[in-house]
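Protein chains: 2
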Amino acid sequence: MSEGEVKVLGTWASPFSTRVRIALHLKSVNYDYLEEKSLESKSELLLDSNPVFKRIPVLIHGDNKPISESLIIVEYIDEVWSSGPSILPCDAYQRADARFWATYVDDKFYPALKRAVVSGSEETKRASMAEVEEGVAMLEKLSKGEAFFGGYNIGYLDIVIGSVFEWIKVIDKCNETQLLSQAETPCLLEWGARFSHEAVKDVLPGVAKLAGFGLKLKAKI
Amino acid sequence: MSEGEVKVLGTWASPFSTRVRIALHLKSVNYDYLEEKSLESKSELLLDSNPVFKRIPVLIHGDNKPISESLIIVEYIDEVWSSGPSILPCDAYQRADARFWATYVDDKFYPALKRAVVSGSEETKRASMAEVEEGVAMLEKLSKGEAFFGGYNIGYLDIVIGSVFEWIKVIDKCNETQLLSQAETPCLLEWGARFSHEAVKDVLPGVAKLAGFGLKLKAKI
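In the order they appear, the protein sequences are chains A and B. Sequential numbering of the first sequence, starting at 15, is according to our numbering. Sequential numbering of the second sequence, starting at 15, is according to our numbering.
Treat the hints with care, since some could be wrong.
All copies of an identical chain are treated as equivalent in the list; a pair is satisfied when it fits inside any one copy or across any two copies.
Computed cross-link-like contacts, DSS-like style, restricted to lysine-lysine with a CA-CA straight-line distance of at most 27 Å [as the list claims (entries may be wrong)]: (1) Lys79 to Lys187; (2) Lys187 to Lys234; (3) Lys187 to Lys128; (4) Lys68 to Lys122; (5) Lys128 to Lys68; (6) Lys68 to Lys155; (7) Lys68 to Lys158; (8) Lys56 to Lys155; (9) Lys158 to Lys79; (10) Lys223 to Lys56; (11) Lys232 to Lys79; (12) Lys234 to Lys79.
It is worth saying that the hints were derived from the structure and are not from the lab.
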């Protein structure tokens, strides 16, 4: 089941690629990472692999048809390389809860984070910052108690939140805000430090590089 | 694990509510169905149960915190009432594939179906119809071979596609098109007939009622 070569198509700045790579690192799976050079001119391999959405990330595993959509890929990795540490919680209710917060991150929180950095409209920026502040407060509350969102170890929700976490720091850097602080978000800051674990640190883009990317994107828009 | 009262908050016209109810019916779970009367004035119970998105469907199971998001609820139902027929495919790759097509239905196909009915702009309608036609052709291809998308029995993807299938018929009725026909979509039509299975037929809104709802929505917009 877990045999065959593994390839990931992604881009370095995409949190969706990052989470796939983190999951593979946690499971100690060797893979080839193929960086998509340009979003304007997509590779043949990407277009062939995901003709429906034409977007990264894509996981190619052995002779199977390629798999798309980051959350689906992370679940696939967890199920196929089941001998490694478990990514999804064991309990059905906790699994549903983790999936819910992942949906929140993808549908609301990350789009707001990105708009807060790249939007040129002051009104959009203000509305997005309100959403981001609300989101950061919710995540602070969620991060209380255990070492990770997944409990003792990095799990599904850690991967999802961890893949967008540096964007919060990018906002603090670019907009001179203090979304993250010892006074307001002590647990989230501690979690962030723990998350910079050896399995994930090489995959995270880094705040400075990501801020540069955000500013370039803003100039383009 | 599967003990405790079950309640579903939903609306009759929402495919997202419908899929939760179909999953419960397939598992022979008794539940109370609470219809949200108005999207403008949401019930206290809904706002308390899903404060993040404030939307249906919501599943309340025993003393657990309520669960939101239809696809997450369907997976939860499958995992908790594991003694009933399996909803998700057993194979990890097939599970990923089913989840991918479910994402396609929710992110692209259903929004296009709805726009094709309710949009007042001819341009939007034309573009949406092109997306719908492409989607119907893909689903026809997917439905070839086995009795159901899930194989011998109704499964995850049957529930997801089945919950929006009547919208295709609504378009054919309202726009006088022939998206579904014996010549072009014989497999999808056969699948639709098989899908009207006793476990699901009482939950589907029916084409006439749904068309009336769509036209009302159009007039409102």
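Results for each hint:
no., hint, result
1, Lys79 to Lys187, "neither (41 Å within a copy, 37 Å between copies)"
2, Lys187 to Lys234, "within (20 Å within a copy, 44 Å between copies)"
3, Lys187 to Lys128, "within (14 Å within a copy, 41 Å between copies)"
4, Lys68 to Lys122, "both (22 Å within a copy, 13 Å between copies)"
5, Lys128 to Lys68, "both (21 Å within a copy, 23 Å between copies)"
6, Lys68 to Lys155, "between (36 Å within a copy, 19 Å between copies)"
7, Lys68 to Lys158, "between (38 Å within a copy, 24 Å between copies)"
8, Lys56 to Lys155, "between (40 Å within a copy, 26 Å between copies)"
9, Lys158 to Lys79, "between (40 Å within a copy, 18 Å between copies)"
10, Lys223 to Lys56, "within (22 Å within a copy, 44 Å between copies)"
11, Lys232 to Lys79, "neither (36 Å within a copy, 40 Å between copies)"
12, Lys234 to Lys79, "neither (35 Å within a copy, 44 Å between copies)"
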